[in-house]
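Engineer: Here the protein sequences come in this chain order: A and B.
Its first residue numbered 1, the first sequence is counted upward by one per residue in this note's numbering.
Its first residue numbered 1, the second sequence is counted upward by one per residue in this note's numbering.
Please keep in mind that the hints were generated in silico from the structure rather than gathered at the bench.
This structure is a prediction, so every number in the text was calculated from the model and none was measured.
A hint or two may mislead.
The list treats identical chains as interchangeable, and a pair is accepted whether it falls inside one copy or across any two copies.
Unchecked claim - Below are the DSS-like pairs computed for lysine-lysine, each with C-alpha atoms no more than 27 Å apart in a straight line:
| id | residue 1 | residue 2 |
| --- | --- | --- |
| 1 | 29 | 169 |
| 2 | 44 | 161 |
| 3 | 17 | 169 |
| 4 | 237 | 307 |
| 5 | 386 | 341 |
| 6 | 237 | 89 |
| 7 | 121 | 237 |
| 8 | 307 | 172 |
| 9 | 341 | 323 |
| 10 | 12 | 169 |
| 11 | 12 | 29 |
| 12 | 386 | 163 |
| 13 | 121 | 32 |
| 14 | 83 | 323 |
What follows is the residue order along each chain.
There are 2 protein chains.
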Amino acid sequence: MLGNFSYCNPTKLYFGKGSVMNLNEELPKYGKNVVLIYGGGSIKRNGIYDEVVHILNENGKTVTEISGVMPNPTLEKLYEGVKTARSAKADLLLAVGGGSVIDYAKAVSVSVNCTEDPWEKYFISNEEPSCETLPVGAVLTMVGTGSEMNAGSVITNTRQKLKIGHVFKDEKIMPRFSILDPTYTFTLPRYQMVAGIFDIFCHISEQYFSGDDDNTSDYIAEGLMLSLIRSSLIADKDMTDYEARSNIMWTATWALNTLIACGKTTDWEVHMLGQAVGAYTNATHGMTLSAVSMAYYKHILPYGLAKFKRFAVNVWGIDPDGKSDEEIANAGLSAMEDWMKKLGLAMNITELGVDPSMLEGLADATLIMEGGYKTLTRPEVIEIFKNSL
Amino acid sequence: MLGNFSYCNPTKLYFGKGSVMNLNEELPKYGKNVVLIYGGGSIKRNGIYDEVVHILNENGKTVTEISGVMPNPTLEKLYEGVKTARSAKADLLLAVGGGSVIDYAKAVSVSVNCTEDPWEKYFISNEEPSCETLPVGAVLTMVGTGSEMNAGSVITNTRQKLKIGHVFKDEKIMPRFSILDPTYTFTLPRYQMVAGIFDIFCHISEQYFSGDDDNTSDYIAEGLMLSLIRSSLIADKDMTDYEARSNIMWTATWALNTLIACGKTTDWEVHMLGQAVGAYTNATHGMTLSAVSMAYYKHILPYGLAKFKRFAVNVWGIDPDGKSDEEIANAGLSAMEDWMKKLGLAMNITELGVDPSMLEGLADATLIMEGGYKTLTRPEVIEIFKNSL
């Protein structure tokens, strides 16, 4: 049965080539002091930095910068950002980058007026802010995480070797606005593009492979998967195909902005397995997901046979005629595997640097989720990692 | 190519059985004076009125009522509501009903502080409000229009025989919150239920049958159609099947909250043809759409063959093997027609009270849209009405 839920997603999205100009509509809504947040400097090389700073200046903003936000933003970097935002008396945090940069801006937003330690409060105790938060805006340059339209934030505590995410409940913590220009993603290396594509796919499949209700959310999820698969194959041949890259960008936003989880249970075990691999190898997030997906899905297929059969027919176009349910379901996973190989995704954890001596440690680092078709035991986790080698 | 667009939809939705209790979270956000807006009194018979008034009283609100909002809210009724809201010094307009009641509440919202004539300003000149608007909340009791999560409002000027809709640009005019309890729709007569289902289907198909881009919006649209078709057949057998009715309710919201129009062109000619029939017969809106749909879609099929073929395969599961494109496309429309007949929809305009003498008048009353696969000429409009007799 479709469970009760609430849904609210007020982020204003400006989509399309040249949409950075819409900053001119948004910036006047906020005070003078803007903290510009970005990563390693690629936005300086591709000209996006200059464009954004020019618009900020034209709007008479006083700009303070936080640069060098890393792919896995650290707690130390958060403390530094909080100091900067405080002394700048920030009225708006403008994140220019991918999911990490936007995640980081949200963490600064909830921490800048917080008298408690943000790590303890938000990431260990999973509490909601009890202070005023700062508005966040985003200019997206990398696609995958959905951070541009959700209230999630992931911070890594390097000393404690913990990477913890928190999806805040208050929709005010979602970006107030996000600029989505597909051409801003054209300069990303192919490896990052396909890793991002699989991250998106996995966001959808992790919400899809759970529950046995008949609900609208799963139908929307199938539509998103179909669009993503089709566009990924076009973008793989031509990374500057605007239509394909724009569909991928739009799919990413809707894959993880809570819509397709409405009223249903979700899994997220692939992310747990992949994040353990990431902790051991520092491999690209999307590749850690692809490297464990086949072993995981083959393992849980018997427990969720009806859904895997549906997946095969509706997403991969498998003709069910004359086939048993198992054959249909397995044909679907084979088609998915073919697609993943075509994109050049990591298909095992060995190529990401895992060796058999790490298996116990990987199992220790894997959080067991309860929403999937089979709640894994520790021996099952080890078996899945073995089958992923 | 996916066109540029912006998207913002801040309505907070509370979905599920008993979600009316979430009024307790929303009401404290607004001042003391609530204007309760409803229709003909069915909410008094089914107990929803008592529930809502009880919650309003418990929250210490002063309640003023506007009742008797008709299926096609009139301009006179709007003037009356504006007076009531002004003298009540309304802080919140709470609409309890279907699309008409919510549409009406939005019209009051933009008119209460407006010094110009709202009919001239909003519905004739299509202007945006230049005054403060009042917040609108909604408790949905009839499914179909999507008014619970959009900024659309339709008002009828009976003297001028004009029924005009305006989709406001400012997202503040969307309901601030909407309560969606599927059980609130259980007492609706079957005729209204299936008419509403076809209205939803038509909202999706009118946005789908336009353009030849490959875009994510069309894939989401297909998912919504598939979910709606499946749930409609279950609800047709058992009107109290919670899962089916909840899927229908959720599909209706996403069918017309701007999501599936993002980045693409749309048609809306079926609505123009149907509304002309409605003006002549006062027939139920969804039935006027079903009565003209087959003739219209058969007429434009040759001009949008690729999309009709895709529709046949992806939505109706037509096996394309050994068939020409035309055969595939026509098989899709036949499957759609079978589904419509199964639901007992009006399949011609004669049964709605149209006779051949009205054809010229119907053509006069039909607005020609330009987003579909064929911009109709007047003779074509007449031909479609003839084929709908």
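Engineer: For which of the previously enumerated hints does the structure constitute a violation, in increasing order of number?
Structural biologist: Hints 2, 6, 7, 8, 13 and 14 not satisfied by this model.
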